[in-house]
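Chemist: Using the sequences and the hints given, assemble the complete structure.
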Amino acid sequence: MEQSGKLVVAGVSKTFRRDEKEIVALREVNFSVKEGRFISMIGPSGCGKSTLFNIIAGLLCPTTGQVLADGQDIVARPGTVGYMLQKDMLLPWRTILDNIILGMEIRGVRRAESVKRALPLMAQYGLKGFETQYPTALSGGMRQRAALLRTLLYDRDILLLDEPFGALDAQTRLHMQNWLLELWRDFQKTVLFVTHDIDEAIYLSDEIYVFSPRPGHIRAKIEVPIPRPRKPGDMTQAVFTELKHRLLDLLFSEAPIVGAAG
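For the sequence shown, the numbering used here assigns the number 26 to the initial residue and increments by one for each residue that follows.
These are calculated hints, taken from the structure and not from any lab test. Only a predicted model underlies this, so the values are computations on that prediction, with no experimental measurement involved. There may be inaccurate statements among the hints.
[Claimed, not checked] Below are the PhoX-like pairs computed for lysine-lysine, each with C-alpha atoms no more than 20 Å apart in a straight line:
(1) 269 to 246
(2) 256 to 269
(3) 59 to 31
(4) 59 to 256
(5) 153 to 141
(6) 246 to 31
Modeler: This is how it looks when you write it as structure tokens:
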């Protein structure tokens, strides 16, 4: 495949060995993401999406293949991308401000500079007044806001978001989706987003990658033809409904997809 793009995943496979058995989690995953794009990944549970994220994040080594960011090999190089899991992972003994600046602290940024950068963003994105609160005082949505700001302030061009809104109720989830789109527009990051929610994938994304069951590979790459900026009413459009039906067919069809990415 073409070795260009902000992020390139080329021929990535991953096999685990457990109890003297081999489990093939990923098989020949290939894709290239242009700078500033919002990509969602959907697929059945256990298809290897989180394994792929751990490989891109440098936490796992692939059995075969390459991962490149800006043309540089990032295999086994943790910290090259920003990574947020479904659980907010806020440290309960740190205030919200201290949680948000944690990534900058790890990178060696002085506290005064970290606080100077964090406070305006907390005010701009709905966390003003919570600086000295602890995580237990915040709702699920507010905790996810803090976790997203922490990931953003880690200051990496590529963000991996692994089902960050999966545990939220529907109304809070929609608020968070709109908030994420605002952040993405303002900071122009390249985002890879794992979700099991097809509506969420369509609403947020420029492109959607559909994964097969394990061993996971990309069965199809689907462009989302809905113009930006987007609003909740877009979910009632015929093009949205048609795309949802197409994605459902891809997820539940076992036939090979002609022209699929991967």
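Chemist: Give a verdict on every hint.
Modeler: Evaluated hints:
1. At roughly 14 Å between alpha-carbon atoms, residue 269 and residue 246 fall within 20 Å of each other, so this suggested pair holds.
2. Distance restraint check for residue 256 and residue 269: the Cα-Cα separation of roughly 17 Å lies within the 20 Å cut-off, and the hinted pair is therefore satisfied.
3. Taking the CA atoms of residue 59 and residue 31, the gap is near 5 Å; set against the 20 Å cutoff, the hint holds.
4. The hinted pair formed by residue 59 and residue 256 fails the criterion: a straight-line CA distance of about 24 Å is larger than 20 Å.
5. At roughly 14 Å between alpha-carbon atoms, residue 153 and residue 141 fall within 20 Å of each other, so this suggested pair holds.
6. Proximity of residue 246 to residue 31 is assessed by CA-CA distance (about 17 Å); at most 20 Å being required, the pair is judged to hold.
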